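Residues per chain are reported as follows:
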Amino acid sequence: MKIHIKGGHLIDPSQDIDAPTDVFIAAGHVVALGRMPDGFHANRVVDASGQIVAPGLIDLCARLREPGLEYRATLESETAAAVAGGVTSLACPPDTDPVLDEPGLVEMLKHRARMLNLAHVYPHGALTMGLKGERLTEMGELFDAGCIAFSQANVPVADTQVLYRAMQYAATFGYTVWLQPTDMHLAAGGVAHEGEVAARLGLTGIPVLAETLAIGLMLQLARATGCRLHLARISSRGGLMLIDQARLDGMQVSCDVAVHALHLCDVDIGYFDAQCRVVPPLRAQFDREALRAALADGRIDALCSDHTPVDDDAKQVPFAEAEPGTTGLELLLPLTLSWAREMKLPLRLALARITSDPARVLGLDAGHLKVGGVADVCIFDPDAPVMISRGTLRSLGKNTPYLGRELLGRVSATLVSGQVVYEGAARGRDTP
Amino acid sequence: MSLPDAERLLADLAAQMRPHVTPETGLIGLHTGGAWLAERLHALLGVSVPLGTLDVSFHRDDYAQRGLARDARASSIPFDVGGRPLILVDDVLHTGRTVRAALNELFDYGRPTRVELAVLIDRGGRQLPIAPTYCAARLELADNERVKLATDDGVLSLRLVQE
Amino acid sequence: MARNPQLNKHGELQHLLTTEGLPRDVITRILDTAEPFTVVAEREVKKLPLLRGKSVFNLFFENSTRTRTTFEIAAKRLSADVINLNISTSSTNKGETLLDTVDNLAAMQADMFVVRHASSGAPYLIAQHLEATGRDHIHVINAGDGRHAHPTQGLLDVYTIRHYKRDFTQLSVAIVGDILHSRVARSQIHALTTLGVPDLRVIAPKTLLPGDLDRLGCRVFHDLKEGLRGVDVVMMLRLQNERMQGSLLPSPQEYFKFFGLTEEKLALAKPDAIVLHPGPMNRGVEIDSAVADGHQAVILPQVTFGIAVRMAVMAMLAGGNA
Chain A
0 MKIHIKGGHL
10 IDPSQDIDAP
20 TDVFIAAGHV
30 VALGRMPDGF
40 HANRVVDASG
50 QIVAPGLIDL
60 CARLREPGLE
70 YRATLESETA
80 AAVAGGVTSL
90 ACPPDTDPVL
100 DEPGLVEMLK
110 HRARMLNLAH
120 VYPHGALTMG
130 LKGERLTEMG
140 ELFDAGCIAF
150 SQANVPVADT
160 QVLYRAMQYA
170 ATFGYTVWLQ
180 PTDMHLAAGG
190 VAHEGEVAAR
200 LGLTGIPVLA
210 ETLAIGLMLQ
220 LARATGCRLH
230 LARISSRGGL
240 MLIDQARLDG
250 MQVSCDVAVH
260 ALHLCDVDIG
270 YFDAQCRVVP
280 PLRAQFDREA
290 LRAALADGRI
300 DALCSDHTPV
310 DDDAKQVPFA
320 EAEPGTTGLE
330 LLLPLTLSWA
340 REMKLPLRLA
350 LARITSDPAR
360 VLGLDAGHLK
370 VGGVADVCIF
380 DPDAPVMISR
390 GTLRSLGKNT
400 PYLGRELLGR
410 VSATLVSGQV
420 VYEGAARGRD
430 TP
Chain B
0 MSLPDAERLL
10 ADLAAQMRPH
20 VTPETGLIGL
30 HTGGAWLAER
40 LHALLGVSVP
50 LGTLDVSFHR
60 DDYAQRGLAR
70 DARASSIPFD
80 VGGRPLILVD
90 DVLHTGRTVR
100 AALNELFDYG
110 RPTRVELAVL
120 IDRGGRQLPI
130 APTYCAARLE
140 LADNERVKLA
150 TDDGVLSLRL
160 VQE
Chain C
0 MARNPQLNKH
10 GELQHLLTTE
20 GLPRDVITRI
30 LDTAEPFTVV
40 AEREVKKLPL
50 LRGKSVFNLF
60 FENSTRTRTT
70 FEIAAKRLSA
80 DVINLNISTS
90 STNKGETLLD
100 TVDNLAAMQA
110 DMFVVRHASS
120 GAPYLIAQHL
130 EATGRDHIHV
140 INAGDGRHAH
150 PTQGLLDVYT
160 IRHYKRDFTQ
170 LSVAIVGDIL
180 HSRVARSQIH
190 ALTTLGVPDL
200 RVIAPKTLLP
210 GDLDRLGCRV
220 FHDLKEGLRG
230 VDVVMMLRLQ
240 NERMQGSLLP
250 SPQEYFKFFG
260 LTEEKLALAK
270 PDAIVLHPGP
280 MNRGVEIDSA
290 VADGHQAVIL
300 PQVTFGIAVR
310 MAVMAMLAGG
320 NA
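Protein chains in written order, with numbering that gives the first Met the number 0: chain A, 0 to 431; chain B, 0 to 162; chain C, 0 to 321.
None of these hints come from the bench; they were simulated from the model.
All values derive from a computational prediction rather than experimental measurement.
By construction, the Cβ of each residue, glycine as well, lies at the ideal position given by its N, Cα and C atoms.
Some hints here could point you the wrong way.
[What the hints assert, rightly or not] If you want a taste of the chain C side facing chain B, the calculated C-beta under 8 Å gives, among others: (1) Thr32; (2) Pro35; (3) Val38; (4) Arg42; (5) Glu43; (6) Val44; (7) Lys46; (8) Leu47; (9) Pro48; (10) Leu49; (11) Ala314; (12) Met315; (13) Gly318.
Using the sequences and the hints, build the whole thing.
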């Protein structure tokens with residue numbers, strides 16, 4: 000299959016390309032940019048006129064709910080949602096049922112994803128068995144089965160010695176450990192950012208201290224063990240300052256932020272909107288401003304959707320009883336674009352945060368459209384409206400504070416490994 | 000249309016009532032016009048039982064349509080109604096619904112031996128089988144007209160209101 | 000931000016969920032309406048026909064015999080049919096969701112739900128659900144949700160204060176005790192600030208105070224004596240048993256020593272200061288018996304006024320706002 004993406008404006012931050020450029024694809028790879036190679040006969044021309052052509056998006060955290068939670072979502076539904084949102088690669092945390100702590104489960108997941116041939120799926124292995132924070136997993140076996148990093152998802156490790164040893168062990172093999180920094184004791188019972196809104200609504204607060212204490216601990220453990228650390232879902236200005244300081248001291252550490260945390264803060268809980276119940280909690284407005292600025296100047300490495308499909312029954316309960324999480328795969332692009340628009344940032348910088356930067360964090364040769372690379376492509380119109388509604392979302396998770404809202408940035412086509420796997424409108428046409 | 004003089008009607012009403020007032024008789028005015036009237040009658044007739052007032056807001060049958068009145072006041076009946084003859088006093092008798100509400104509320108306080116009704120004006124238009132015992136004047140009014148009692152330092156007067 | 004669901008599209012009271020954001024004239028009207036209801040109890044027949052033929056469901060997902068009883072009396076004095084449901088011991092244990100329960104009861108032609116729930120915001124969820132499903136003729140009264148609000152308690156407290164002090168704009172008021180976990184304190188704070196109390200103080204150890212309290216318009220004190228100096232009104236809060244010993248407080252004895260209201264400490268307030276308590280009291284923990292039974296305590300009148308205030312709220316909701 001040879002594909003000619005014609006007439007589009009190519010933005011590839013990894014190559015500093017931001018110009019009208021045609022893309023030529025053969026056998027799943029990019030074979031040329033700009034000029035058609037001699038003897039290239041396209042089976043298919045994808046008309047990208049008036050559209051942006053970019054590397055497929057990479058999501059650092061998307062829950063697919065398989066195995067075990069198929070009543071919420073399936074690998075099939077969520078990878079379809081991913082490509083509808085322009086996401087061609089995604090890392091999934093190990094908090095499935097059972098937890099991804101056995102190589103067999105990981106192989107099965109990778110195999111199922113390959114059979115579906117939608118987005119590339121990169122599982123994170125569990126750092127401890129059952130995420131219980133007691134026994135180490137067989138990280139080496141899990142890595143060989145396809146795990147690209149090790150994580151505790153949102154489950155903190157209570158025992159500091161276990162965490163210390165887990166990071167020592169991971170460092171032995173050079174694996175990266177992903178941790179969502181929360182002190183479980185300070186956060187116990189908490190459901191919202193500790194501040195004026197929580198005080199008013201009578202919701203149990205999670206203090207910023209729960210994040211900063213955990214970051215301080217994790218940074219010190221990383222320094223002591225030499226383990227590569229990625230801090231997932233930073234939520235506070237205080238947390239960012241600690242990471243800044245660690246980098247000034249010469250530490251290598253990466254971090255990400257959930258895209259909804261760039262736009263929402265605790266005030267958006269309004270009158271107990273359970274759609275705004277997320278982990279970590281939506282923090283104060285000045286935290287949000289700090290996150291927006293830090294992502295712009297690269298102190299936060301990348302964005303993620305933190306996609307978490309939750310069924311209606313688990314959301315239509317009082318706020319504190321609601322299950323945390325929001326659907327995000329199909330909102331990642333439009334919400335990234337609106338952040339860039341509001342911050343007056345160039346499109347290529349915004350795209351870097353969801354293509355080349357997350358690829359670097361994951362250590363993947365992806366997130367670019369270099370000649371010879373895998374042809375994962377996202378074609379979109381940054382100014383076209385998308386309605387976020389139960390009907391339009393492809394994900395089985397219909398839970399988001401953005402329900403009923405219109406956002407800008409519509410994906411018209413997505414290619415994975417050189418195949419068109421999603422088409423929003425009838426843009427492509429086969430040539431005889 | 001010229002309205003009769005309220006002070007003359009008051010004197011007339013007092014004259015009708017006087018032969019029937021006993022030392023046991025209790026006078027109860029209905030808020031707000033009836034209360035003013037009852038206050039004057041109480042003095043004119045030399046009634047020894049203290050004056051009672053009723054606000055029927057909480058017993059009105061149009062509560063479901065019109066909601067709670069904004070200026071509802073506490074009823075005050077500072078004597079035992081049980082075993083006593085009572086005279087309800089109101090300024091204008093129209094549909095009879097206010098009197099119905101007043102009778103309902105009154106019986107929540109006890110069981111009087113007899114209840115009579117004194118009004119300054121009967122304007123007709125009854126929707127319930129209720130009739131005044133004492134009445135100073137009868138008036139024919141159009142449906143969109145209302146006659147209201149006013150007081151100025153205790154001196155009563157009547158006003159015609161078009162709706 | 001979403002519209003406050005307790006007011007309808009015309010800004011009128013549709014449900015009573017919180018005292019926060021309740022317009023001053025609505026609060027005043029509730030208090031004014033309650034006034035004539037206080038004397039109903041003195042009559043031979045303690046009933047008014049305002050809610051005749053209406054069904055009031057007391058939905059208590061958390062047990063509270065005392066609160067349920069006051070709502071029950073208020074509804075019955077208005078001639079409503081009252082159905083009491085203690086749901087903590089029935090359907091939710093069988094897996095029925097909160098909204099399933101509400102749908103079921105709504106289908107039984109309920110006119111009013113009085114809701115008590117351990118989770119903050121539960122009555123909002125019910126009110127929003129009723130609105131979303133086109134059943135906004137059913138009114139919801141919050142009878143206490145988690146740590147969030149207990150609006151009828153807050154309103155009966157301001158009714159009591161008005162009864163003894165009249166003018167809110169001249170008052171110093173101190174709220175003493177476990178503010179962090181208290182829905183009563185939140186409802187008091189919002190009602191008092193809306194009514195224009197210029198000096199509102201909260202007095203508690205730091206472990207019993209939420210963050211950012213000063214932004215709600217309160218001055219924070221950690222010393223009871225200092226905080227009580229010159230106040231007109233002392234509002235005591237109940238300290239829950241489970242919070243008396245542990246990581247919030249070391250012991251009830253130490254709490255009483257530093258934060259318990261005694262005659263000696265009350266003497267620092269104005270001589271005519273009144274003392275309120277939402278009950279049930281822990282004598283010797285938050286309040287000394289000499290104060291609880293003393294001439295400055297208005298704790299029993301609070302209970303009487305509470306019924307009148309709840310009658311007023313029910314009558315205003317059921318009758319529309321005219």
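Verification of the supplied hints:
1. Thr32: holds (6 Å)
2. Pro35: Proline 35/C check passes; min Cβ-Cβ to chain B is 4 Å, inside 8 Å.
3. Val38: Holds, about 5 Å.
4. Arg42: Arginine 42/C check passes; min Cβ-Cβ to chain B is 5 Å, inside 8 Å.
5. Glu43: Glutamate 43/C check passes; min Cβ-Cβ to chain B is 5 Å, inside 8 Å.
6. Val44: Because about 4 Å separates valine 44/C from the closest Cβ in chain B, which is inside the 8 Å limit, the hint holds.
7. Lys46: Holds - the Cβ of lysine 46/C comes within 8 Å of chain B, reaching about 7 Å at its closest.
8. Leu47: holds (4 Å)
9. Pro48: holds (6 Å)
10. Leu49: Holds - the Cβ of leucine 49/C comes within 8 Å of chain B, reaching about 6 Å at its closest.
11. Ala314: This interface hint holds because 5 Å falls under the 8 Å limit.
12. Met315: holds (6 Å)
13. Gly318: With a closest approach of 4 Å, the glycine 318/C hint holds.
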